[in-house]
Amino acid sequence: MNPLECYGFLAAAELADESVIITDADLDAPGPRIRYVNPAFERLTGHSREEVVGATPRILQG
Numbered sequence: 043m044n045p046l047e048c049y050g051f052l053a054a055a056e057l058a059d060e061s062v063i064i065t066d067a068d069l070d071a072p073g074p075r076i077r078y079v080n081p082a083f084e085r086l087t088g089h090s091r092e093e094v095v096g097a098t099p100r101i102l103q104g
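Numbering follows my numbering, with no gaps: position 17 of the sequence shown is 59.
None of these hints come from the bench; they were simulated from the model.
Idealized CB from N, CA, C, for every residue including glycine.
There's no promise every hint is true.
[Said to hold, decoys possible] For each label pair, taking beta carbons as the anchor points, the in silico distance ranges come out as:
#1 E47 to G104: 31 to 37 Å
#2 P72 to N44: 27 to 33 Å
#3 F51 to L86: 16 to 22 Å
#4 A58 to P99: 14 to 20 Å
#5 R100 to N44: 29 to 35 Å
#6 Q103 to N44: 32 to 38 Å
#7 G88 to N44: 31 to 37 Å
#8 G104 to A53: 31 to 37 Å
#9 A97 to N44: 26 to 32 Å
#10 N44 to D66: 17 to 23 Å
#11 I101 to E47: 24 to 30 Å
#12 A71 to G50: 31 to 37 Å
#13 R91 to D68: 16 to 22 Å
Let the sequences and hints guide you as you build the complete structure.
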């Protein structure tokens, strides 16, 4: 994906009504890390972007 495509995707994700979460692809322990969430994710989960970026998706369990 070139930089313009990335910018377009992120712009669309920021405006989406659906939750978007992007992780890296590292599956070794402790697992993938969250790299991006959109505002809809924050509204849906109650977790702030600052709280979850860098954490594993396990933060969403229970």
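The hints, checked one at a time:
1. E47 to G104: 31 to 37 Å: holds, 36 Å
2. P72 to N44: 27 to 33 Å: holds, 31 Å
3. F51 to L86: 16 to 22 Å: holds, 19 Å
4. A58 to P99: 14 to 20 Å: Once the Cβ atoms are compared, 18 Å apart, the range 14 to 20 Å for P99 and A58 holds.
5. R100 to N44: 29 to 35 Å: holds, 32 Å
6. Q103 to N44: 32 to 38 Å: holds, 35 Å
7. G88 to N44: 31 to 37 Å: holds, 35 Å
8. G104 to A53: 31 to 37 Å: At 33 Å between Cβs, range holds.
9. A97 to N44: 26 to 32 Å: holds, 29 Å
10. N44 to D66: 17 to 23 Å: holds, 19 Å
11. I101 to E47: 24 to 30 Å: holds, 29 Å
12. A71 to G50: 31 to 37 Å: At 34 Å between Cβs, range holds.
13. R91 to D68: 16 to 22 Å: holds, 20 Å
When each numbered hint is compared with the structure, no violation occurs for any of them.
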